[in-house]
Amino acid sequence: MAIRKKIVLKEGKLYIWLDDRWNDETSTDRQPPEGWMPVADFGELKSLVKRAMKKGICLGGLSFDNDLGEGKKEGKDCAEWIVRCYPEWFLGDEILEVHSDNSSARPMIEGHFRDVRDRRDMMVEMKQRRLSGEDLGY
Numbered sequence: 067m068a069i070r071k072k073i074v075l076k077e078g079k080l081y082i083w084l085d086d087r088w089n090d091e092t093s094t095d096r097q098p099p100e101g102w103m104p105v106a107d108f109g110e111l112k113s114l115v116k117r118a119m120k121k122g123i124c125l126g127g128l129s130f131d132n133d134l135g136e137g138k139k140e141g142k143d144c145a146e147w148i149v150r151c152y153p154e155w156f157l158g159d160e161i162l163e164v165h166s167d168n169s170s171a172r173p174m175i176e177g178h179f180r181d182v183r184d185r186r187d188m189m190v191e192m193k194q195r196r197l198s199g200e201d202l203g204y
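Be aware that the sequence shown starts at 67, since it is given in my numbering, and climbs by one per residue.
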């Protein structure tokens, strides 16, 4: 079960830092920038995003690591989930970054972020059609 943290906003928006080592004092490069809300795994991310959406909080930015611990969903899975389930949250002005050193996963996360940037309206429409039960033709 994800730990419920108070949502921290920066300039009225939510900035999410996904990294399992964000609280590791020996990994200073993994600590979130000031004003960014740290989450360590998919469960925490999912809980935070759902709470933020319910409260109408705008997205300010995402920065994802990929390798989130043995047996856990990876950053690329989290990126796919967030852009597929909440494309309407992306308005085009948010910061979308990858701070992972994983050379094979980095382009996948960047690809998900690029997709929602480039095809947001289509993704929102597809989500609405999916939720309405409309036959998508496949």
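The hints are simulated quantities; they were obtained by calculation from the structure and are not laboratory data. One or more hints might be untrue.
Capping the alpha-carbon separation at 25 Å, the derived lysine to aspartate or glutamate pairs in DMTMM-like fashion look like this [to be verified]: (1) K120 <-> E160; (2) K79 <-> E136; (3) K72 <-> D167; (4) K76 <-> E191; (5) K138 <-> D86; (6) K138 <-> D187; (7) K120 <-> D143; (8) K193 <-> E160; (9) K121 <-> D167; (10) K139 <-> E163; (11) K138 <-> D95; (12) K121 <-> D95; (13) K120 <-> E154; (14) K116 <-> E163; (15) K193 <-> E136; (16) K121 <-> D107; (17) K116 <-> E160; (18) K112 <-> D184; (19) K193 <-> E163; (20) K112 <-> E146; (21) K120 <-> D95; (22) K193 <-> D167; (23) K76 <-> D107; (24) K139 <-> D181; (25) K116 <-> E91; (26) K139 <-> E77.
Pairwise CB distance ranges (calculated) [as the list claims (entries may be wrong)]: (27) L197 <-> C124: 13 to 23 Å; (28) R180 <-> K139: 12 to 22 Å; (29) Q194 <-> D95: 12 to 22 Å; (30) K79 <-> S113: 38 to 48 Å; (31) E136 <-> S169: 12 to 22 Å; (32) D95 <-> E200: 40 to 50 Å; (33) R185 <-> G101: 24 to 34 Å; (34) R195 <-> M119: 33 to 43 Å; (35) K139 <-> P173: 13 to 23 Å; (36) G199 <-> I73: 43 to 53 Å; (37) D95 <-> K138: 35 to 45 Å; (38) D167 <-> S198: 24 to 34 Å; (39) V190 <-> S93: 29 to 39 Å; (40) S198 <-> S169: 18 to 28 Å.
Ideal Cβ placement from N, Cα and C applies to all residues, glycine included.
Problem set entry | Broken hints, by number | Hint check: 2, 3, 4, 6, 9, 12, 15, 21, 22, 25, 26, 29, 30, 34, 36, 37, 38, 40 fail, others pass.
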